[in-house]
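Protein chains: 2
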Amino acid sequence: MEFSSKLIEKAVNEMSQLPGIGKRTALRLVLHLLKQPKEQTGFLSQALLNMREDIKFCENCHNISDTKVCEICANSVRNHQTICVVEDIRDVMAIENTGQYKGIYHVLGGKISPIEGVGPSQLNISSLVEKVKSGKVVEIIFALSSTMEGDTTNFYIYKQIAESEIIISTIARGISVGDELEYADEITLGRSILHRVPFEKTFKNN
Amino acid sequence: MEFSSKLIEKAVNEMSQLPGIGKRTALRLVLHLLKQPKEQTGFLSQALLNMREDIKFCENCHNISDTKVCEICANSVRNHQTICVVEDIRDVMAIENTGQYKGIYHVLGGKISPIEGVGPSQLNISSLVEKVKSGKVVEIIFALSSTMEGDTTNFYIYKQIAESEIIISTIARGISVGDELEYADEITLGRSILHRVPFEKTFKNN
Numbered sequence: 001m002e003f004s005s006k007l008i009e010k011a012v013n014e015m016s017q018l019p020g021i022g023k024r025t026a027l028r029l030v031l032h033l034l035k036q037p038k039e040q041t042g043f044l045s046q047a048l049l050n051m052r053e054d055i056k057f058c059e060n061c062h063n064i065s066d067t068k069v070c071e072i073c074a075n076s077v078r079n080h081q082t083i084c085v086v087e088d089i090r091d092v093m094a095i096e097n098t099g100q101y102k103g104i105y106h107v108l109g110g111k112i113s114p115i116e117g118v119g120p121s122q123l124n125i126s127s128l129v130e131k132v133k134s135g136k137v138v139e140i141i142f143a144l145s146s147t148m149e150g151d152t153t154n155f156y157i158y159k160q161i162a163e164s165e166i167i168i169s170t171i172a173r174g175i176s177v178g179d180e181l182e183y184a185d186e187i188t189l190g191r192s193i194l195h196r197v198p199f200e201k202t203f204k205n206n
Numbered sequence: 001m002e003f004s005s006k007l008i009e010k011a012v013n014e015m016s017q018l019p020g021i022g023k024r025t026a027l028r029l030v031l032h033l034l035k036q037p038k039e040q041t042g043f044l045s046q047a048l049l050n051m052r053e054d055i056k057f058c059e060n061c062h063n064i065s066d067t068k069v070c071e072i073c074a075n076s077v078r079n080h081q082t083i084c085v086v087e088d089i090r091d092v093m094a095i096e097n098t099g100q101y102k103g104i105y106h107v108l109g110g111k112i113s114p115i116e117g118v119g120p121s122q123l124n125i126s127s128l129v130e131k132v133k134s135g136k137v138v139e140i141i142f143a144l145s146s147t148m149e150g151d152t153t154n155f156y157i158y159k160q161i162a163e164s165e166i167i168i169s170t171i172a173r174g175i176s177v178g179d180e181l182e183y184a185d186e187i188t189l190g191r192s193i194l195h196r197v198p199f200e201k202t203f204k205n206n
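Protein chains in written order, with our numbering: chain A, 1 to 206; chain B, 1 to 206.
So here's chain A without its partners, still in its complex pose (with noise of 0.2 Å):
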């Protein structure tokens, strides 16, 4: 691609380093900022670069957060002894919108994956292994994606925690509310159907 002017060149170049954004999409954003308010893109570029500048992680969970500790672990009415473990932000969001979590985050910033070059030491384990061993938690429930990698990362966890006298579970894997079985793939209907649970679980309150 050949532009008449460098200053869109090098606007084009920064914006087609974001995932999935090419150079003919990053052309037709910038192309777009220009024919808004000079403003808007001040406005952009100011609130990229202040999250980035003072962006903090929550030092007990490593969540996003603007302050030390995040509102979830500053909360005193959730259950401290519970913790779920989960791979970024997105993910305690999700379980967030669901409202049927009262305990806490571990957020790891990752999963173990050889193939991307990030090992252990990059994510946030030894922290975790060491809340457990302090002795202060009572269960850890793993809520990774069911990916080779998220499978990996839980049981290199596991491993480290597993002498510990605390619960360890993972969030079910079945089909999905609303889904017919015939269209389930076969791995996720076997989990299914051999980790059933008793009837009278489902329409009674826990």
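No lab work stands behind these hints: they were computed from the structure.
Be a bit skeptical, because a hint or two may be false.
Same chains, same label: a pair holds when it works inside one copy or across any pair of copies.
Restricting the straight-line Cα-Cα distance to at most 20 Å, the calculated cross-link-like pairs of lysine to aspartate or glutamate (EDC-like) are [said to hold, decoys possible]: (1) K38 with E53; (2) K159 with E139; (3) K35 with E149; (4) K35 with E96; (5) K10 with D88; (6) K10 with E53; (7) K6 with D66; (8) K6 with D88; (9) K131 with E163; (10) K159 with D54; (11) K35 with D91; (12) K136 with E59; (13) K56 with E2; (14) K35 with D66; (15) K56 with D88; (16) K6 with E71.
Note that the coordinates shown come from a computational prediction; the quantities given were computed from them, not determined experimentally.
Chain A is already provided as a structure; the job is to place chain B on it using the hints.
This is chain B only, laid out in the frame that chain A set:
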């Protein structure tokens, strides 16, 4: 969507103002920036700001340019008597890529579109009419996309310059090179029959 951080929320809100980028995509992009070195966010913000602040438009053809007169208009080898009328810089880039055009351009900056509230006065039409009336132009080539808005814009300009003694042409519509006839729509196929060209022209150079 509820965010645990106002900084993230603001960045996501600004990002999702861009066309085709929803809140979820914006969050993905913002989290990507968080994982990259701080410099990348700095470069991106700076490139966008510089682009928006310092961008110039060629005073002759209104194309985006870093200088007062763009490279194409400043090039004395090009034929300044032939003007190709296009919508924006993307069309200039597309035509330049063909390597088939040696004239200069006139960038309208959009198409007449009552639905989007774009009238003739918001486009660079009057300066085009002036150029034609100055008598230095021999041919005008309309190269707007073949939509209702494009045709309206073509016709609006045509009405104002029809009395000048210049050649007014429009780019050929027809079956794409490499396309099968049976899959072409009727209107395009019809046009390509009506506007058939002497066979000799297709293998002789001009």
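For each hint, the structure was consulted:
{"no.": "1", "hint": "K38 with E53", "verdict": "between (23 Å within a copy, 7 Å between copies)"}
{"no.": "2", "hint": "K159 with E139", "verdict": "within (15 Å within a copy, 78 Å between copies)"}
{"no.": "3", "hint": "K35 with E149", "verdict": "between (43 Å within a copy, 18 Å between copies)"}
{"no.": "4", "hint": "K35 with E96", "verdict": "neither (38 Å within a copy, 23 Å between copies)"}
{"no.": "5", "hint": "K10 with D88", "verdict": "between (31 Å within a copy, 19 Å between copies)"}
{"no.": "6", "hint": "K10 with E53", "verdict": "between (22 Å within a copy, 14 Å between copies)"}
{"no.": "7", "hint": "K6 with D66", "verdict": "between (37 Å within a copy, 7 Å between copies)"}
{"no.": "8", "hint": "K6 with D88", "verdict": "between (37 Å within a copy, 17 Å between copies)"}
{"no.": "9", "hint": "K131 with E163", "verdict": "within (14 Å within a copy, 84 Å between copies)"}
{"no.": "10", "hint": "K159 with D54", "verdict": "neither (36 Å within a copy, 57 Å between copies)"}
{"no.": "11", "hint": "K35 with D91", "verdict": "between (36 Å within a copy, 16 Å between copies)"}
{"no.": "12", "hint": "K136 with E59", "verdict": "within (17 Å within a copy, 71 Å between copies)"}
{"no.": "13", "hint": "K56 with E2", "verdict": "between (40 Å within a copy, 17 Å between copies)"}
{"no.": "14", "hint": "K35 with D66", "verdict": "between (33 Å within a copy, 17 Å between copies)"}
{"no.": "15", "hint": "K56 with D88", "verdict": "within (14 Å within a copy, 42 Å between copies)"}
{"no.": "16", "hint": "K6 with E71", "verdict": "between (45 Å within a copy, 12 Å between copies)"}
Hint compliance for this structure: hints 4 and 10 are not met, and every other hint is.
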